[in-house]
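Trainee: Chain residues, written in single-letter form:
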Amino acid sequence: MLLVVEQFLNGLQFGLLLFLLAAGLTLVFGIMDLVNLAHGSLYMMGAYFAATFVAWTGSFVLGGVLALGATLLLGIVLEYTALRHLYGRDHLDHVLATFGLILFFNEAVRLIWGPAGLALPLPSWLAFPVTILPGIQYPAYRLAIIVVALLVALLLYLGVMRTRIGMLIRAGASNREMIGALGINIKLLYTLVFGLGAALAGLAGLMQAPILTVQIGMGENILILAFVVIVIGGIGSIRGAFIAAIMIGLIDTMGRAFLPNLLRQVLNSAAASTAAPAMSSMLIYLLMAIVLVARPEGLFPANRR
Amino acid sequence: MRTSFWLAGAAALLFSSTAFAGDTIKIGFVSTFSGPTAVIGNDMRNSFELALDHLGRKMDGKPVEVIYEDDQQKPDVGKQKTEKLVQSDKVDFIAGYIWSNVLLASLKSAVDSQTFLISANAGPSQLAGELCSPYVFSTSWQNDQTPAAMGLYMNQKGVKSVFLIGPNYAAGKDMLAGLKSTFKGQVVGEEYTVWPSQLDFSAELSKARASGAESIFVFYPGAAGVQFLNQYSQAGLKEKMPLYTAFTVDELSLPLQKDNAIGVPGAQEWVNDLPNEQNKTFVADYRKKYTGLRPTYYGAQAYDAAQLINSAVVAVKGDTSKKDAMKAEMEKANFKSLRGSFKFGNNHIPIQNFYLQDVVKDADGQLSLKTVATIVENDQDRFHDKCPMK
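First to last, the protein sequences are chains U and V.
Under the working numbering, the first residue of the first sequence is numbered 1, with each subsequent residue one higher.
Under the working numbering, the first residue of the second sequence is numbered 1, with each subsequent residue one higher.
What the hints contain is simulated information worked out from the structure, not anything from laboratory work.
Here a beta-carbon is modelled for each residue, glycine too, at the ideal position from N, C-alpha and C.
Worth double-checking, as some hints may not be accurate.
Said to hold, decoys possible - Sample of chain V residues at the chain U side, in silico, Cβ under 7 Å:
{"no.": "1", "residue": "PRO36"}
{"no.": "2", "residue": "GLU190"}
{"no.": "3", "residue": "SER197"}
{"no.": "4", "residue": "SER202"}
{"no.": "5", "residue": "ALA203"}
{"no.": "6", "residue": "SER206"}
{"no.": "7", "residue": "GLN227"}
{"no.": "8", "residue": "GLY236"}
{"no.": "9", "residue": "ASN334"}
{"no.": "10", "residue": "PHE335"}
Stated by the list, open to error - Residues from chain U that face chain V, not an exhaustive set, calculated with beta carbons under 8 Å:
{"no.": "11", "residue": "PRO139"}
{"no.": "12", "residue": "ARG142"}
{"no.": "13", "residue": "THR253"}
{"no.": "14", "residue": "THR274"}
{"no.": "15", "residue": "PRO277"}
Make the full structure from the sequences, and use the hints.
Mentor: Structure representation (structure tokens):
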């Protein structure tokens, strides 16, 4: 039972991290109609910036804030110089151009930081386990990720639902042409949204960095999951991304945690240990397929008409 | 007039190219040169190049041409690259191969063309057993050997129970099986993770903690080893469940693992401080040539692969068409290996010592690996009986 609680937390933490990545992706895709494969590169850049700034300032929090600012800036520059020219073009052009950006960022990182990757060590006030319930110890840093991500989700919700910019963002997600026709400066809105998405990806990257290693190509695997999240959640919907991300986080973790034991009831031990990891990673895509069949627009489509 | 000019030119070209092919020793080298594990491929290439430097970049007086190919850590790409090297480059030898799954996919292409393949790292159990081939040699080990040595060390330490975690691919399965083949205590649980995409081990660590096992054993090569150690110490397990490893802490991962790696023992057939002369020269020259870098066992095995190839070429006086003679020479392992001398078993896998290595601060104040003890001497893999070659 205690193990279930612990695995639930693991799944929640992974899901929230996916949410940070998917929120930016779904905004950019939903509002700007831009397929941005380079979103994973922004995640990677966030991690690299964090590792550099933390080493430079000696403070984890200050370094993190600087890295966040740097990723935001990078996102804005990227939108201004490269992506702006792709609006209104075919999705295939987006895929081609942003795939090029992935290669560009990977090579740029190799040139600047070298091929070996970086480490971002945790400060001692985060690198210990805390007892959250009698018998359950949980790494303090993973708890911190849960708290930060929930806060960001709340801020995003308030920002999108309660502010004027949020209203424009929602309007943009449901009908782009119309808000342009109403005299809104759509270019500025796009730049802002893209910068916000980049900062969210950067935040995910820098929070993930102490758990993983900061390395070239770190954004590519997780980007696939982020796309699955936005497909399930409904493109352009922050709420959909939140719920889908947590679903996926829980399915992935719970699958890995409990499927081997379940399979061992029917298969022999060796076959079960081999099949279980493969099957648990399949579950996510199974869910996506089911959602696509039942509700092709996702669970919470943004542009309900 | 014009036609005869062109004909003469073509003939000259034809003649010179055949003469050229006979005059160089062509070696294909398949390893990972892109993506997160490219650092391993680079280390192997660095060491292979250093070996060629030490040989004067010639084998039996003939210049050596090496064609490096990137397998991207993918079995299908590795197979393609191997086929390219064998069929269009027509290399005399193929060396390299970090990953067991890449090697298993590539094996048939090399063996069918009767090209000598020297594995400088991967040692899948199939290769030592039923898939062994006269054309395949290893300058590394069979996967099970290193964790089996670790199992012996854990017995010595009186470890009563263990929880095993490893990646779900050919080598991961061999590694955990290898540990189980010697470890006398109880194996409480066994978890496989998705390879190479899974980087978060929280679910597995939670299960290990809940299992009540006394210790954990893992096999996570490359960056995965850094990630595992990060998460293992953040979960506060370092004080509670001691970690035993195979191929998880090396000179490439250590600068990233830092203090997390202190006190984490590993087993290895080569350590940078092995006291033979050729090894001292290798380590010193490597650090001189590639400033800021330190060689790993991957590199040492690649260096040995170059030396093994050289011994074969010298024995046939550069005539690489004499395959039987080259095979006979290589079976003698007649070269100065960086791990000290070893013999090949009937399946062309080394019979060798395994050492216990530990992480210490060296004279420069940097973390480095050090030999603590010899765990097992002249160890032969447990699959050699299944190999039809006698």
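Trainee: Starting from the hint list further up, note which numbers the structure goes against and sort them upward.
Mentor: 9 and 10
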